[in-house]
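**Student:** Here is what each chain is made of, one letter per residue.
There are 2 protein chains.
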Amino acid sequence: MRVVQNPAKLQTALARLKRQDKKIGFVPTMGYLHEGHLSLVRLARKENDVVVASIFVNPLQFGPREDFKRYPRDFPRDARLLKKEKADFLLAPAAEEFYPKDFQTEVKVTRLSGRLCGASRPAHFAGVCTVVLKLLNIVKPDRLYLGQKDYQQVQVIGQMIKDLGFSVMIRMAPIVREPDGLAMSSRNVLLSKKEREEAPCLHRALCEGARLVKRGVRDAGGLQKPMREILKRAASARVDYLEIVDVRTLRPVVKLKKGQKALLTGAVFFKKTRLIDNELVRV
Amino acid sequence: MRVVQNPAKLQTALARLKRQDKKIGFVPTMGYLHEGHLSLVRLARKENDVVVASIFVNPLQFGPREDFKRYPRDFPRDARLLKKEKADFLLAPAAEEFYPKDFQTEVKVTRLSGRLCGASRPAHFAGVCTVVLKLLNIVKPDRLYLGQKDYQQVQVIGQMIKDLGFSVMIRMAPIVREPDGLAMSSRNVLLSKKEREEAPCLHRALCEGARLVKRGVRDAGGLQKPMREILKRAASARVDYLEIVDVRTLRPVVKLKKGQKALLTGAVFFKKTRLIDNELVRV
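Those sequence lines, one after another, are chains A and X.
Here the first sequence is numbered in our numbering, starting from 1229 and rising by one per residue.
Here the second sequence is numbered in our numbering, starting from 1229 and rising by one per residue.
Treat the hints with care, since some could be wrong.
Heads up, simulated DSBU-like pairs for lysine-lysine below, C-alpha to C-alpha not over 35 Å straight-line [claimed, not checked]:
| id | chain 1 | residue 1 | chain 2 | residue 2 |
| --- | --- | --- | --- | --- |
| 1 | X | LYS1486 | A | LYS1237 |
| 2 | X | LYS1311 | A | LYS1237 |
| 3 | A | LYS1251 | X | LYS1251 |
| 4 | A | LYS1246 | X | LYS1250 |
| 5 | X | LYS1390 | A | LYS1489 |
| 6 | X | LYS1237 | A | LYS1250 |
| 7 | A | LYS1329 | X | LYS1237 |
| 8 | X | LYS1329 | A | LYS1368 |
| 9 | X | LYS1489 | A | LYS1390 |
| 10 | X | LYS1486 | A | LYS1246 |
| 11 | A | LYS1390 | X | LYS1368 |
| 12 | X | LYS1250 | A | LYS1250 |
| 13 | X | LYS1329 | A | LYS1485 |
| 14 | X | LYS1489 | A | LYS1251 |
| 15 | X | LYS1251 | A | LYS1486 |
| 16 | X | LYS1390 | A | LYS1237 |
| 17 | A | LYS1250 | X | LYS1500 |
| 18 | A | LYS1274 | X | LYS1500 |
| 19 | X | LYS1486 | A | LYS1312 |
| 20 | X | LYS1329 | A | LYS1311 |
| 21 | X | LYS1486 | A | LYS1368 |
| 22 | X | LYS1311 | A | LYS1390 |
| 23 | A | LYS1390 | X | LYS1250 |
| 24 | X | LYS1329 | A | LYS1442 |
| 25 | A | LYS1251 | X | LYS1486 |
| 26 | X | LYS1390 | A | LYS1274 |
| 27 | A | LYS1483 | X | LYS1237 |
| 28 | X | LYS1489 | A | LYS1246 |
| 29 | A | LYS1329 | X | LYS1311 |
| 30 | A | LYS1329 | X | LYS1422 |
No lab work stands behind these hints, which were simulated from the structure alone.
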């Protein structure tokens, strides 16, 4: 595996491979890798000739009062894990070069970015879109690997790719969980012992919602109430949102219709640490 | 010359040429072509193997009270002119396909877009950036041809290209003028006879500014006053702005320094029709 800091150098190496018609799979990450990330790398490895991963804690996607500084980092360990998964390139750009002083371009997907996580993190998805667009221009992958845990992110990036005519296919991989059901996240390490013990309640609440849908409950209120009950029992949990939304528009669904695909999705603060999770259901 | 409405079809044709390592020059336009546009096509023809022009009156870059509907159009004539200049492809997408109903992505260059024309046309450059980015993704040119008349547009697009890591070179061509000095513009046809007679005053004012710089005048006030005097004499003219700005940041220059490159630039309404022009000066 080749570790590259300079995007131009990566481009030169990839251009040569592209001329040989090699297919490129790309896994963008913010590092502090867990099994969720690694499952993306494995899928990319299976489906492409060349696998590029990136590690970049993108300052643009953190709000001024968010956890950019606290966000966990361990580059040597990440590099080791990616090498073990046989990634070919690891791009790790320096923030000052990626965003020089006169940087001033912003990419925004308006409607989708305002919902769910976007409602409590107003500049978040613009930051995500801007960094992903720039990374797509550098790597020019055939396939882009994203995790279902960040379902809204996948939808927002998908819309951007479609709207702006990028020719890359998105591959979304399932959520990877701890044995107790907690969705893997780099932020889990920020939880105190007590918070970590309570954190699986989010997954339990979403599973309860999915179970009720299977049992025939169709109205959002009837789903949300028992889900919220589960979260209430966790003392350190404070719900940011807990919603049933359309899988494409991410707009709240009031009553599920036969054949409809919906997403049960939630964001919960465990003290300062905000975790998200979701379950796809089909009525 | 091949006229293509469907971007995907153009991409297929261009991909084949790219594999043969042909260099592609791209001239994006809103049609109703004049000698200014044609000078760009000629330059592109000279410098590339393949020349792609596009005609698309981009609704996103017009404000709600601007002249999108009045904007002049003559597709058959445009196609004839481009063919004569030996363009290889003319892309003319349909607005409903280019911007389908769920289109919601916006690309913005923040600081540069707020100045000059951006101050009176708040969403204009976001519309320009969005359409140009999408066109760049379709055509993937080696060189992009833009006219100096829209100097701010060139700077904004250049910043976007740099910020987002596109690998295309911008080529800016000089302003082409009518015999009386009026900068060629598709909008000139919208002028009444009286307005058309008065319109060259903008170029005269900018030339007077440039002459004064050569004569040693260094402060913006001392340049603007005589320039405004010239514009005042035209009854149909109403100044939107008239400024001396830094060629890169587009920020107003109060006092020109030795060696400095500056832009004298103005926008003037002749009744409903807004025209722009500029002169580069070096102290």
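**Student:** Indicate, hint by hint, whether the structure satisfies it.
**Tutor:** Hint check:
1. X/LYS1486 x A/LYS1237: 38 Å, violated
2. X/LYS1311 x A/LYS1237: 40 Å, violated
3. A/LYS1251 x X/LYS1251: Roughly 23 Å between the alpha carbons, so the hint for A/LYS1251 and X/LYS1251 holds.
4. A/LYS1246 x X/LYS1250: 16 Å, holds
5. X/LYS1390 x A/LYS1489: 41 Å, violated
6. X/LYS1237 x A/LYS1250: 23 Å, holds
7. A/LYS1329 x X/LYS1237: Violated, at about 39 Å.
8. X/LYS1329 x A/LYS1368: 27 Å, holds
9. X/LYS1489 x A/LYS1390: At roughly 41 Å apart (the allowed maximum being 35 Å), A/LYS1390 and X/LYS1489 break the hint.
10. X/LYS1486 x A/LYS1246: 48 Å, violated
11. A/LYS1390 x X/LYS1368: Distance of about 16 Å is within 35 Å: holds.
12. X/LYS1250 x A/LYS1250: The hint holds at about 20 Å.
13. X/LYS1329 x A/LYS1485: Holds: X/LYS1329 and A/LYS1485 sit about 24 Å apart, inside 35 Å.
14. X/LYS1489 x A/LYS1251: The given pair, whose Cα atoms are some 46 Å apart, is violated under the 35 Å limit.
15. X/LYS1251 x A/LYS1486: Violated - the C-alpha atoms of A/LYS1486 and X/LYS1251 are around 53 Å apart, more than 35 Å.
16. X/LYS1390 x A/LYS1237: Holds: X/LYS1390 and A/LYS1237 sit about 16 Å apart, inside 35 Å.
17. A/LYS1250 x X/LYS1500: Violated - the C-alpha atoms of X/LYS1500 and A/LYS1250 are around 55 Å apart, more than 35 Å.
18. A/LYS1274 x X/LYS1500: With Cα atoms ~61 Å apart, A/LYS1274 and X/LYS1500 exceed 35 Å; violated.
19. X/LYS1486 x A/LYS1312: 59 Å, violated
20. X/LYS1329 x A/LYS1311: Distance ~44 Å between X/LYS1329 and A/LYS1311 Cα, so the pair is violated.
21. X/LYS1486 x A/LYS1368: 44 Å, violated
22. X/LYS1311 x A/LYS1390: 31 Å, holds
23. A/LYS1390 x X/LYS1250: Given pair A/LYS1390, X/LYS1250 holds - Cα atoms ~27 Å apart, limit 35 Å.
24. X/LYS1329 x A/LYS1442: Between X/LYS1329 and A/LYS1442 the Cα gap is close to 33 Å, so the pair holds against 35 Å.
25. A/LYS1251 x X/LYS1486: This hinted pair is violated, its Cα atoms lying about 53 Å apart.
26. X/LYS1390 x A/LYS1274: Answer holds: X/LYS1390 to A/LYS1274 is near 34 Å, not above 35 Å.
27. A/LYS1483 x X/LYS1237: Distance of about 42 Å is beyond 35 Å: violated.
28. X/LYS1489 x A/LYS1246: 41 Å, violated
29. A/LYS1329 x X/LYS1311: Since the Cα atoms of A/LYS1329 and X/LYS1311 sit roughly 44 Å apart, the hinted pair is violated (cutoff 35 Å).
30. A/LYS1329 x X/LYS1422: 48 Å, violated
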